[in-house]
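*Asks:* Sequence:
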Amino acid sequence: MDKASGKLTVYFEEPFWVGVFERIEDGKLFVAKVTFGAEPKDYEVQEYIQKYYFSLKFSPAVETVVKDIKRNPKRMQREAKKQTMETGIGTKSQQALKLQQEQNNQERKERSRKKKEAKEQRMFELKQQKKREKHKGH
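Under the numbering used here, the first residue of the sequence shown carries the number 1055, and numbering increases by one thereafter.
Treat the hints loosely; a few may be bogus.
Derived Cβ-Cβ restraints for the label pairs, each shown as a range [stated by the list, open to error]:
hint, residue 1, residue 2, range
1, Gln1155, Tyr1107, 32 to 38 Å
2, Glu1079, Gln1155, 17 to 23 Å
3, Pro1127, Val1072, 25 to 31 Å
4, Glu1171, Gln1131, 27 to 33 Å
5, Tyr1106, Glu1174, 35 to 41 Å
With a straight-line Cα cutoff of 27 Å, these simulated DSSO-like cross-link-like pairs (lysine-lysine) come out [claimed, not checked]:
hint, residue 1, residue 2
6, Lys1181, Lys1170
7, Lys1057, Lys1082
8, Lys1057, Lys1128
9, Lys1146, Lys1136
10, Lys1105, Lys1095
11, Lys1190, Lys1128
12, Lys1136, Lys1168
None of these hints come from the bench; they were simulated from the model. A virtual CB, placed ideally from N, CA and C, is assigned to each residue, including glycine.
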């Protein structure tokens, strides 16, 4: 049976509060970053997850090691408390976010390049049309 796990880390990244959603499925890590702005209350984070989780744009997959360990509930609770005291995000998550950022940059560059080429083509066709009209009059 395939297992999936998820984790949300909310931290302050000058000047905004940021949430990093980490999802592990089939040994692959997917990450999405969300900017909250002001410090979100627990219920606001809960509402955000319920409303927008499935529309989050997750990063490309990064291979990761999945540990399958049975844990004591009290130990899990202590670890969760310990993690809330820590700040920042893991390096695998950072790699995945970097990958997503690079992918978005590539897409943006591609769009702007095509837009520029289309504009240049329109200008060329306009000049050609004006030349034809100019030469028709003579």
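*Asks:* Each hint: holds or not?
*Replies:* Do the hints match the structure? See the list:
no. : hint                          : verdict
1   : Gln1155 x Tyr1107: 32 to 38 Å : 21 Å, violated
2   : Glu1079 x Gln1155: 17 to 23 Å : 21 Å, holds
3   : Pro1127 x Val1072: 25 to 31 Å : 29 Å, holds
4   : Glu1171 x Gln1131: 27 to 33 Å : 57 Å, violated
5   : Tyr1106 x Glu1174: 35 to 41 Å : 39 Å, holds
6   : Lys1181 x Lys1170             : 17 Å, holds
7   : Lys1057 x Lys1082             : 11 Å, holds
8   : Lys1057 x Lys1128             : 22 Å, holds
9   : Lys1146 x Lys1136             : 19 Å, holds
10  : Lys1105 x Lys1095             : 15 Å, holds
11  : Lys1190 x Lys1128             : 88 Å, violated
12  : Lys1136 x Lys1168             : 49 Å, violated
Hints 1, 4, 11, 12 from the list above are not met by this structure, while the remaining hints are.
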